[in-house]
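K.L.:
Sequence:
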Amino acid sequence: MNHPIVEEKILKELTEVLAESRGGDCNRWTEEAVDFEEAEKLVYLKAALAETLRLYPSVPEDFK
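According to my numbering, the residues represented by the sequence shown are 4 to 67, in order.
For the record, the hints were derived by calculation from the structure and aren't laboratory data. Misleading hints may appear alongside valid ones.
[Unchecked claim] Once the Cα atoms are required to be at most 20 angstroms apart in a straight line, the calculated PhoX-like pairs of lysine-lysine come out as: (1) Lys-12 x Lys-49; (2) Lys-44 x Lys-15; (3) Lys-49 x Lys-15; (4) Lys-12 x Lys-44.
[Claimed, not checked] Simulated DEER-style distance windows between Cβ atoms: (5) Arg-57 x Ile-8: 15 to 23 angstroms; (6) Ala-36 x Asp-65: 27 to 35 angstroms; (7) Ser-61 x Val-9: 15 to 23 angstroms.
Note that this is a predicted model, so its numbers are computed, not measured. Every residue, glycine too, gets a C-beta built ideally from N, C-alpha and C.
Kindly generate the complete structure, drawing on both the sequences and the hints.
P.N.:
This is how it looks when you write it as structure tokens:
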């Protein structure tokens, strides 16, 4: 992992959101995928994913 602080912040944010919406039992957190309401609260994760895709685009640019 190149950025352990970023990973720590993402895990903290995910833990807080899932604990709020699904309760404190972390075994229940993986029973279902993250829903839209939960995903909207994952601001730092969305920013990290956007930055990753900016640096490493999934589709190469076409320089014609």
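K.L.:
So which hints don't hold here, by number, going up?
P.N.:
When the structure is compared with the hints, none of them turns out to be violated.
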